[in-house]
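Go ahead and model the full structure; you've got the sequences and the hints to work with.
Respectively, the protein sequence lines represent chains A and B. Our numbering numbers the first residue of the first sequence as 5 and each following residue consecutively. Our numbering numbers the first residue of the second sequence as 163 and each following residue consecutively.
For the record, the hints were derived by calculation from the structure and aren't laboratory data. Warning: the hint list may mix true and false statements.
As the list claims (entries may be wrong) - Cβ pair distances, simulated, as ranges:
#1 A:D195 <-> B:L334: 23 to 33 Å
#2 B:I260 <-> A:V199: 28 to 38 Å
#3 B:R230 <-> A:D195: 53 to 63 Å
#4 A:T191 <-> B:G301: 54 to 64 Å
#5 B:T290 <-> A:A319: 47 to 57 Å
#6 A:D203 <-> B:I260: 14 to 24 Å
Said to hold, decoys possible - Counterexamples of contact, computed for chain B against chain A with all Cβ distances above 10 Å:
#7 V165
#8 P329
#9 V357
#10 V392
Virtual Cβ for every residue (Gly too), placed ideally from N, Cα, C.
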Amino acid sequence: MAVIRDVMPAFELFQPASIEAAQEVLDRYGSGAWVLAGGLDSFDWLKDRIKRPQALVDLMGIPELKGIRPWQDGLEIGAMTTLTEVVRHPAVRERYSILLEAAEAAASPQIRNQGTLGGNVTQDTRCWYYRAGWSCYRAGGNICYADTPEAINREHAILDADRCVAVSPSDTAPALIVLDAQMVIRTAGGDERIVAAQDYFIGPATDITRMTILRPGDLLTAIRLPGTWGGARFYFEKVRDRAVWDFALVSVASAMVMNGPTIERMRLSVNGVAARPLRLEAVEEIVRGKPRNEATAMMAANLAIEGAQPLKFNAYKVPLMRNLVKRAIRGVGLPQGQAALGVSKGEAGTWTS
Amino acid sequence: MDVLTWARDPWDQPILSHVSWDLLWASLFAGVAFLIAHASYMVLSAHRKRHAAETDAMEAARGHLPARIVRHSLPARLFHWVMAASMFTLLMTAFLPIVGIQFAWVTWHWMAGLVLTGSILFHVVHATVWLDFWSIWVGPRDIPELKAEVLRELGHDVPGPKPGKYPLGNRLYHQAIVAAGLSVVATGLFMMVRVRTPFFTRDPYLFSDSTWGFTYVLHGLAGVGLVGLVIAHVYFAVRPDKWWITKSMILGWITRRQYLEHHDPDRWTVGDARGTSTPL
Numbered sequence: 005m006a007v008i009r010d011v012m013p014a015f016e017l018f019q020p021a022s023i024e025a026a027q028e029v030l031d032r033y034g035s036g037a038w039v040l041a042g043g044l045d046s047f048d049w050l051k052d053r054i055k056r057p058q059a060l061v062d063l064m065g066i067p068e069l070k071g072i073r074p075w076q077d078g079l080e081i082g083a084m085t086t087l088t089e090v091v092r093h094p095a096v097r098e099r100y101s102i103l104l105e106a107a108e109a110a111a112s113p114q115i116r117n118q119g120t121l122g123g124n125v126t127q128d129t130r131c132w133y134y135r136a137g138w139s140c141y142r143a144g145g146n147i148c149y150a151d152t153p154e155a156i157n158r159e160h161a162i163l164d165a166d167r168c169v170a171v172s173p174s175d176t177a178p179a180l181i182v183l184d185a186q187m188v189i190r191t192a193g194g195d196e197r198i199v200a201a202q203d204y205f206i207g208p209a210t211d212i213t214r215m216t217i218l219r220p221g222d223l224l225t226a227i228r229l230p231g232t233w234g235g236a237r238f239y240f241e242k243v244r245d246r247a248v249w250d251f252a253l254v255s256v257a258s259a260m261v262m263n264g265p266t267i268e269r270m271r272l273s274v275n276g277v278a279a280r281p282l283r284l285e286a287v288e289e290i291v292r293g294k295p296r297n298e299a300t301a302m303m304a305a306n307l308a309i310e311g312a313q314p315l316k317f318n319a320y321k322v323p324l325m326r327n328l329v330k331r332a333i334r335g336v337g338l339p340q341g342q343a344a345l346g347v348s349k350g351e352a353g354t355w356t357s
Numbered sequence: 163m164d165v166l167t168w169a170r171d172p173w174d175q176p177i178l179s180h181v182s183w184d185l186l187w188a189s190l191f192a193g194v195a196f197l198i199a200h201a202s203y204m205v206l207s208a209h210r211k212r213h214a215a216e217t218d219a220m221e222a223a224r225g226h227l228p229a230r231i232v233r234h235s236l237p238a239r240l241f242h243w244v245m246a247a248s249m250f251t252l253l254m255t256a257f258l259p260i261v262g263i264q265f266a267w268v269t270w271h272w273m274a275g276l277v278l279t280g281s282i283l284f285h286v287v288h289a290t291v292w293l294d295f296w297s298i299w300v301g302p303r304d305i306p307e308l309k310a311e312v313l314r315e316l317g318h319d320v321p322g323p324k325p326g327k328y329p330l331g332n333r334l335y336h337q338a339i340v341a342a343g344l345s346v347v348a349t350g351l352f353m354m355v356r357v358r359t360p361f362f363t364r365d366p367y368l369f370s371d372s373t374w375g376f377t378y379v380l381h382g383l384a385g386v387g388l389v390g391l392v393i394a395h396v397y398f399a400v401r402p403d404k405w406w407i408t409k410s411m412i413l414g415w416i417t418r419r420q421y422l423e424h425h426d427p428d429r430w431t432v433g434d435a436r437g438t439s440t441p442l
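Shown next, in the form of structure tokens:
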């Protein structure tokens with residue numbers, strides 16, 4: 005159904021210089037307005053002529069949405085900060101290396117130069133039935149074409165599907181969840197609302213037409229990283245079909261604080277398996293106080309995949325997720341039973357294969 | 163205001179998708195408008211009631227009747243409240259997300275739908291076997307009562323049939339709720355085949371796209387219709403002059419005086435205190 009055309013549908017382009025000015029336009033056009041960050045999600049929609057907004061609000065000219073600055077005991081990253089800026093920032097590298105790895109795993113260098121952190125976490129799903137303009141649940145219809153007997157659904161959800169089986173494509177989302185990031189939202193009414201990263205993403209059970217809690221008129225302005233997990237032992241791994249410029253089939257992110265050989269506390273999140281990045285709280289709880297070894301990792305990994313319901317072509321995601329969770333707990337590349345013990349904070353990122 | 167929502171099938175043909183949710187607001191408006199109109203009429207009009215002296219005389223003449231007349235048996239009351247709870251859950255889970263209160267509603271919705279289905283099946287069997295099945299239905303035989311009721315509502319003191327066990331408005335409401343309820347249950351059961359439940363293997367192709375479209379539209383129409391009907395029902399349930407009926411749905415009985423005041427003893431005959439029973 006979708007045909008790539010050279011010319012996008014006509015729209016009014018607004019390039020406000022402040023958040024207030026942007027929200028004034030959003031308020032004026034309501035559901036006819038479209039927020040443009042880096043454009044890497046938006047221009048697909050527009051060139052395919054699936055979305056036909058009346059007004060495009062380009063946030064690139066708003067200085068307060070850009071940059072990385074200290075915030076309390078952590079960092080505040082403007083939503084329009086590019087992924088490359090995130091990757092290159094020394095404070096991110098030093099204390100939040102998992103975000104660096106996740107951002108660096110996104111797409112290609114050119115796309116990271118243009119793509120923003122806010123856009124990466126707010127982008128729409130890449131389910132091709134939906135992106136092609138089919139009248140599926142997510143598009144307001146009454147069927148999921150990806151969950152039919154003959155559907156091509158290799159990349160779709162194995163967990164938390166509710167009518168729609170699309171998955172979140174964000175690479176940075178699981179990293180932000182394990183860092184306990186706070187999403188700063190300027191609501192349509194002008195108020196500031198702060199939500200935990202894990203609550204920023206919503207699944208189809210709650211709202212089948214949205215990926216995040218943002219409502220028309222809302223803007224994600226910044227992402228705050230508290231010091232809670234700063235400098236923890238991190239693990240990030242993204243499995244994809246090719247080494248670069250591809251979305252995750254499954255990704256895993258974890259932050260761990262050790263007490264000798266014992267796991268004192270842990271944060272664990274996976275993506276590519278559900279319509280929103282999942283924080284695996286049951287797994288976090290079960291590994292608390294346990295030794296970091298193969299047995300603990302295996303027990304946690306088996307728990308992680310409980311309830312998985314693969315579709316026709318994505319059953320491989322079940323063992324893939326199980327193994328990634330296992331690796332996130334016990335580490336890789338080190339002798340079994342001693343995995344990563346004694347590895348210093350800065351080395352955590354080198355585990356990623 | 164849109165009434166229906168259309169989509170495109172994989173062959174790019176237009177197909178019905180579901181009702182426009184504008185209809186929810188229309189049904190809410192209709193329900194509230196009816197409520198206001200009826201309440202205003204009741205306040206402003208001199209509503210006819212059976213004269214106290216007339217009721218006194220009837221009570222004296224029928225002193226053999228028990229002080230408490232059973233109006234709803236325990237199974238009937240249980241059905242009513244189970245159905246009410248499931249209907250309330252269905253409406254909340256269906257429409258709160260539409261008005262912006264979002265939560266994971268689908269599982270609660272079909273579970274409540276199954277409870278409603280079960281309660282309706284029970285009610286059909288119970289009413290058929292143990293109750294006077296036809297006492298709740300409306301037919302040509304009710305035209306004289308309709309005529310008399312309309313004239314009474316308009317302030318005329320006319321002779322004519324008084325209600326049997328169920329007032330005419332009550333029975334008309336029952337007809338409407340049967341139509342809407344059965345539509346929503348039948349379509350809802352088929353729609354369950356499209357979501358993941360422990361009962362069925364999902365089959366999105368049970369019907370053609372256009373048949374599914376009609377199914378969703380009928381489900382939606384019945385659903386928004388039920389919003390207005392439930393508003394009207396709750397309104398009558400809480401009206402002070404109807405509280406005696408609501409109370410009977412809780413306790414199961416009405417007083418002898420209420421029986422004689424609001425019903426035609428010849429059309430709703432009850433067993434007397436001496437043990438003699440007459441058909442309900």
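The hints, checked one at a time:
no., hint, verdict
1, A:D195 <-> B:L334: 23 to 33 Å, "49 Å, violated"
2, B:I260 <-> A:V199: 28 to 38 Å, "22 Å, violated"
3, B:R230 <-> A:D195: 53 to 63 Å, "58 Å, holds"
4, A:T191 <-> B:G301: 54 to 64 Å, "57 Å, holds"
5, B:T290 <-> A:A319: 47 to 57 Å, "49 Å, holds"
6, A:D203 <-> B:I260: 14 to 24 Å, "21 Å, holds"
7, V165, "16 Å, holds"
8, P329, "40 Å, holds"
9, V357, "6 Å, violated"
10, V392, "24 Å, holds"
Checked against the numbered hints given earlier, this structure breaks hints 1, 2, 9; the rest are met.
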